[in-house]
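Using the sequences plus the hints, can you model the full thing?
Be aware that the sequence shown starts at 730, since it is given in our numbering, and climbs by one per residue.
All clues given are correct.
DSS-like cross-link-like pairs, simulated, lysine-lysine; straight-line CA separation at most 30 Å: (1) 811 - 793; (2) 793 - 843; (3) 856 - 811; (4) 843 - 811; (5) 843 - 856.
No lab work stands behind these hints, which were simulated from the structure alone.
Just so we're clear, the structure is a prediction, and the values are computed from it rather than from any experiment.
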Amino acid sequence: MVLTPNHPWINQLEETLFLLTFPDSFTDDELIEALSEIERVVLAMRTVYAFVVDGQHVLSVTSKQRAIYAESQQRLIAQDEKYNVGTAFYFQSRISRGLMTAVYWLTPPCYPYKVFSSLEEAMAWAKEHLR
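Have a look at this one:
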């Protein structure tokens with residue numbers, strides 16, 4: 730069963746392909762709300778899925794927000810190990826791409842991922858991993 734996400738940051742592009750678009754700034758509570766909705770949708774799934782994360786507008790992230798994101802990722806590990814076939818990250822900034830690569834190099838996720846400088850390339854990569 731695939732639930733439809735109900736959050737302005739999350740778009741369902743295909744049945745099991747989702748786009749998470751971060752705004753330029755957000756509160757801790759807004760981040761928790763978005764990640765809770767992702768958890769609700771993902772934990773109900775019993776089929777493969779993929780994500781594209783559009784972080785092109787993010788200006789800064791606090792250490793608390795990084796911790797909130799990491800905690801959400803921890804809650805999804807068992808589900809991601811079974812069903813997440815890939816997450817593509819899109820950042821226009823070379824610095825942001827480098828930081829994302831460095832973070833996951835230190836603590837790699839349990840699913841395939843790749844960081845892109847083009848949203849189109851990120852989407853194509855995620856779609857290919859669903860096939």
